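Chemist: With the sequences and hints as input, model every part of the structure.
One line per chain: the protein sequences are A and B, in this order.
Be aware that the first sequence starts at 378, since it is given in my numbering, and climbs by one per residue.
Be aware that the second sequence starts at 55, since it is given in my numbering, and climbs by one per residue.
Just so you know, not all the hints are guaranteed correct.
[Stated by the list, open to error] Label pairs and their computed distance ranges (CB to CB):
#1 D280/B / G439/A: 53 to 61 Å
#2 I458/A / G507/B: 32 to 40 Å
#3 P405/A / E62/B: 57 to 65 Å
#4 L494/B / Y389/A: 34 to 42 Å
#5 E500/B / P405/A: 40 to 48 Å
#6 G512/A / E62/B: 34 to 42 Å
#7 I446/B / P405/A: 24 to 32 Å
#8 G604/A / I446/B: 17 to 25 Å
#9 A203/B / D391/A: 39 to 47 Å
#10 L548/B / K514/A: 48 to 56 Å
#11 G439/A / E114/B: 49 to 57 Å
[To be verified] Listed next, the in silico DSSO-like pairs over lysine-lysine satisfying Cα-Cα at most 30 Å (straight line):
#12 K64/B / K190/B
#13 K384/A / K413/A
#14 K508/A / K190/B
#15 K435/B / K595/A
#16 K529/B / K508/A
#17 K514/A / K511/B
#18 K508/A / K511/B
#19 K435/B / K508/A
#20 K514/A / K595/A
#21 K80/B / K514/A
#22 K519/B / K435/B
#23 K560/B / K435/B
#24 K539/A / K435/B
#25 K284/B / K514/A
#26 K595/A / K484/A
Just so you know, these hints were derived from the structure itself, not from any lab.
Owing to the predicted nature of the structure, the values given are computational and were not obtained by experimental measurement.
We put the CB at the ideal spot given by N, CA and C, even for glycine.
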Amino acid sequence: MSKVNLKAVRPYGDTLDDGIVQLSFTLPIPFGEEAKEAAKRWALQSGFQEPNISHAQDMGEGFSFFVVYARSRVTVDFTVIEVPQLTQVRLEKRQIELRIREKVGRKLVVVGACIESDAHTVGIDAIMNMKGYNGHKGLESYHEVEAYNLGAQVPCEDLLAKAVSVSADAILISQVVTQKDIHLRNLTRMVEILELEGLRERFLLICGGPRLSYELAKELGYDAGFGTGTYAEDVAGFVLEAVLRQRI
Amino acid sequence: MLTCPYQERKLNLNPALIDEARTLAKEIVAEVKPFIIAHSTVSVERAVLRLLGIDGVNFEGIPLPNLVVEHLQEEGLLAEGSARTLTRAFIHYGKSPQSLAEGIEQGTVRLAELPDFPEEVIENTARALALPAVAKIRAQRQARRAMLAQGEGIEPYLYVIVATGDIYEDVIQARAAARQGADIIAVIRSTGQSLLDYVPYGPTTEGFGGTYATQANFRIMRAALDEVGKELGRYIRLTNYASGLCMSEIAAMGALERLDVMLNDSMYGIIFRDINMQRTFVDQYFSRMINGFAGIIINTGEDNYLTTADAMEAAHTVLASNFINAEFAFLSGVPEEQQGLGHAMEINPDVPDAFLYEMAQAQLVREVFPRSPIKYMPPTKHMTGNIFRGHIQDALFNVASVLTGQSIHLLGMLTEAIHTPLIQDRALSLEAARLTFGVLRHMGEEITFKAEGRIQKRAEETLEKAVEMLRDIEKIGLFMALERGMFADISRSLEGGRGLDGVFAKGADYLNPFIRLLGAETEGRETFEPSGMGGERDV
Numbered sequence: 378m379s380k381v382n383l384k385a386v387r388p389y390g391d392t393l394d395d396g397i398v399q400l401s402f403t404l405p406i407p408f409g410e411e412a413k414e415a416a417k418r419w420a421l422q423s424g425f426q427e428p429n430i431s432h433a434q435d436m437g438e439g440f441s442f443f444v445v446y447a448r449s450r451v452t453v454d455f456t457v458i459e460v461p462q463l464t465q466v467r468l469e470k471r472q473i474e475l476r477i478r479e480k481v482g483r484k485l486v487v488v489g490a491c492i493e494s495d496a497h498t499v500g501i502d503a504i505m506n507m508k509g510y511n512g513h514k515g516l517e518s519y520h521e522v523e524a525y526n527l528g529a530q531v532p533c534e535d536l537l538a539k540a541v542s543v544s545a546d547a548i549l550i551s552q553v554v555t556q557k558d559i560h561l562r563n564l565t566r567m568v569e570i571l572e573l574e575g576l577r578e579r580f581l582l583i584c585g586g587p588r589l590s591y592e593l594a595k596e597l598g599y600d601a602g603f604g605t606g607t608y609a610e611d612v613a614g615f616v617l618e619a620v621l622r623q624r625i
Numbered sequence: 055m056l057t058c059p060y061q062e063r064k065l066n067l068n069p070a071l072i073d074e075a076r077t078l079a080k081e082i083v084a085e086v087k088p089f090i091i092a093h094s095t096v097s098v099e100r101a102v103l104r105l106l107g108i109d110g111v112n113f114e115g116i117p118l119p120n121l122v123v124e125h126l127q128e129e130g131l132l133a134e135g136s137a138r139t140l141t142r143a144f145i146h147y148g149k150s151p152q153s154l155a156e157g158i159e160q161g162t163v164r165l166a167e168l169p170d171f172p173e174e175v176i177e178n179t180a181r182a183l184a185l186p187a188v189a190k191i192r193a194q195r196q197a198r199r200a201m202l203a204q205g206e207g208i209e210p211y212l213y214v215i216v217a218t219g220d221i222y223e224d225v226i227q228a229r230a231a232a233r234q235g236a237d238i239i240a241v242i243r244s245t246g247q248s249l250l251d252y253v254p255y256g257p258t259t260e261g262f263g264g265t266y267a268t269q270a271n272f273r274i275m276r277a278a279l280d281e282v283g284k285e286l287g288r289y290i291r292l293t294n295y296a297s298g299l300c301m302s303e304i305a306a307m308g309a310l311e312r313l314d315v316m317l318n319d320s321m322y323g324i325i326f327r328d329i330n331m332q333r334t335f336v337d338q339y340f341s342r343m344i345n346g347f348a349g350i351i352i353n354t355g356e357d358n359y360l361t362t363a364d365a366m367e368a369a370h371t372v373l374a375s376n377f378i379n380a381e382f383a384f385l386s387g388v389p390e391e392q393q394g395l396g397h398a399m400e401i402n403p404d405v406p407d408a409f410l411y412e413m414a415q416a417q418l419v420r421e422v423f424p425r426s427p428i429k430y431m432p433p434t435k436h437m438t439g440n441i442f443r444g445h446i447q448d449a450l451f452n453v454a455s456v457l458t459g460q461s462i463h464l465l466g467m468l469t470e471a472i473h474t475p476l477i478q479d480r481a482l483s484l485e486a487a488r489l490t491f492g493v494l495r496h497m498g499e500e501i502t503f504k505a506e507g508r509i510q511k512r513a514e515e516t517l518e519k520a521v522e523m524l525r526d527i528e529k530i531g532l533f534m535a536l537e538r539g540m541f542a543d544i545s546r547s548l549e550g551g552r553g554l555d556g557v558f559a560k561g562a563d564y565l566n567p568f569i570r571l572l573g574a575e576t577e578g579r580e581t582f583e584p585s586g587m588g589g590e591r592d593v
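Modeler: Listed below in structure tokens is the structure:
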């Protein structure tokens, strides 16, 4: 196998630089040979080469579905990519508890909720509830963390009021189910309210959900964002380190 | 050939334990019953007004049933029941309930100054005013039966959701889904609707994560599904949500517009939407009465317990809740054949033998409720965004479903945890389920489970724990059980949550003509007629 040119990377199937991608999509046109040709042309005009319509299917009501394999000539320069990332070391629950006791000397207070339109608590529950997720206990199980999970569809105002009343160190916001990017609007609303009240600096503001990343969270004005595969330790560790940093 | 009730006994369950569970659940519900009977809510009264024919909104978009109930509250007349005052107004003014409501809105009708009439006159008039809605609901029920006789799918029924936010876009997706093989279409509601203390009005084109449940939207979707169903020679059932703060009103609207299935749990709103428990218990009672009379299958939401609690550890809470939900249904006159009790496949697939345990659970619910059109929910908690893995998880779910004789099969989507289903997601899932069901159609009849094997043991253990839990609940009462977070690890207080201010004690002369007309003890109330759910399951 020849060596990868990191300055010009393209998709890989079974031969370096073959550029193979798989696509699947629906076109709002009736099924038939013309539809297949339309799918092919759409792929070509999108910049793909040698599109192969491996599967085409009638969706009914004048829609057609396609599975397409194609090649791409487009390359990216991997050497110039920098993604801001959380650099903290992942600590175990036991270590976090110990560090809070020794370095902070009081309990950390965390308030969390699914805000506004979102009714899906699976994310916030995984981080906060006693049982946690996948064997990683949630924040409620931490002796050194006072955790308040407000649940689903909590208005930003209520979440903020709770954070103020319990003097929270951090506010956790989960956004799981989204449509037409409403999760971004919800998240932005929280930042706006905090800023309006002049309380943005008072709390660590953290969001989480399958569509979120650290980078996107920073862009939205949050202190951190966590995607899938995050456990309570990650969040607790971040809050702990941030609280310690503020003390210096 | 499978028939209803489900005949197989593969788990060697102890029938005495099942009987005990039923008895305990009955006692648990009996303890809540006096409270339910003695109370009504603003939402129940709005449902009564809707059934009396009041509909529409004022210039601010506030529904007339809400305005009338508010007016009755202001005049201190609500404890008598909205029907009593409306009936007196009808006798006095000689105007229909709808024109009375419009008059109240415009300030030309005042309810405070009405003369009184002999009790017999009021009761007979109220009954006469109630009859048109009863007749319409009965006619819808008969229409459903006639259309089902023309053809329908076979169990497990393929149930998919549409959730575009725009009813007209939903129609396209739903019609396409029917063509792709779906038997039941559920229009997911806009997130947040469960917490609205009114029902939005008219056709709607903007919602988030779903589409508002409105009577106009029900009508639009019903017509679209009837049309495509006729073409396909297969009745397509329609599902919505009689849940949240407006349970009874949505049940009333659904009954009038011939919905076929309603999410309608006795405790879901309390646990997952933080709706006050007193409010919910009263609301669910009347809403289920409507659903029962309308021939609508109710679905319960126990599957959700396992999205917050662990599926291995909390499996028995699902079963215990199924027993309680069933008893609440009986209390409202919903027969077993309309009790679509919910359960789910949510064990972490990384647990060794997870599939065996899932089979045990699914078979257990099937055998314990042999006459109920039980609803089996797909994996959601452990779906990752890896659509290829997800499609396999859903395939395993399909296998478990067809092998254990499930009735209503909510299809898993390979894009679960990513977005509400796209048109092709639904098509791929339907194709996979039809493939699985086809190749394994009679497999369930060919297999038995090893005596004292893993599956039997797991089922036995779950049943035992469910009975234990019911014993505990029976001791402390359901209100306390909810306070202690015995379901889904979520704790709720008697006075907490939304909607408590809408609950009131019925006055001595409270009147609601529909309780007699729709209730379980109604004379001449039709018993459940086989609609496919009750007849043969297979051809």
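Chemist: Are K435/B and K508/A close enough, with their CA atoms no more than 30 Å apart?
Modeler: holds, 14 Å
Chemist: Does K514/A sit within 30 Å of K80/B, going by the straight-line distance between their CA atoms?
Modeler: violated, 36 Å
Chemist: Does K595/A lie within 30 Å of K435/B when you go C-alpha to C-alpha?
Modeler: Given pair K435/B, K595/A holds - Cα atoms ~27 Å apart, limit 30 Å.
Chemist: Is the hinted range of 39 to 47 Å satisfied by the C-beta distance from A203/B to D391/A?
Modeler: Because 56 Å falls outside the window, the suggested range is violated.
Chemist: Going straight from one Cα to the other, do K64/B and K190/B come out at no more than 30 Å?
Modeler: violated, 43 Å
Chemist: Given the proposed pairing of K508/A with K190/B, does the C-alpha separation stay at or below 30 Å?
Modeler: violated, 49 Å
Chemist: So the hint says 34 to 42 Å: do the beta-carbon atoms of L494/B and Y389/A match that?
Modeler: holds, 38 Å
Chemist: Taking the Cβ atom of E500/B and the Cβ atom of P405/A, is their distance within the range 40 to 48 Å?
Modeler: Distance hint for E500/B, P405/A holds at roughly 44 Å.
Chemist: Are the Cα atoms of K384/A and K413/A separated by 30 Å or less?
Modeler: violated, 35 Å
Chemist: So if I understand the rule, the pair passes when the alpha-carbon distance is 30 Å or less; does K529/B with K508/A pass?
Modeler: The hint holds at about 26 Å.
Chemist: Tell me if the beta carbons of I458/A and G507/B are separated by a distance inside 32 to 40 Å.
Modeler: violated, 54 Å
Chemist: Has the given pair, K508/A with K511/B, been kept, meaning a C-alpha gap of at most 30 Å?
Modeler: Cα-Cα ~25 Å, so holds.
Violated hints, listed in ascending order, are 1, 2, 3, 9, 10, 11, 12, 13, 14, 21, 23 and 25; each of the other numbered hints is respected by the structure.
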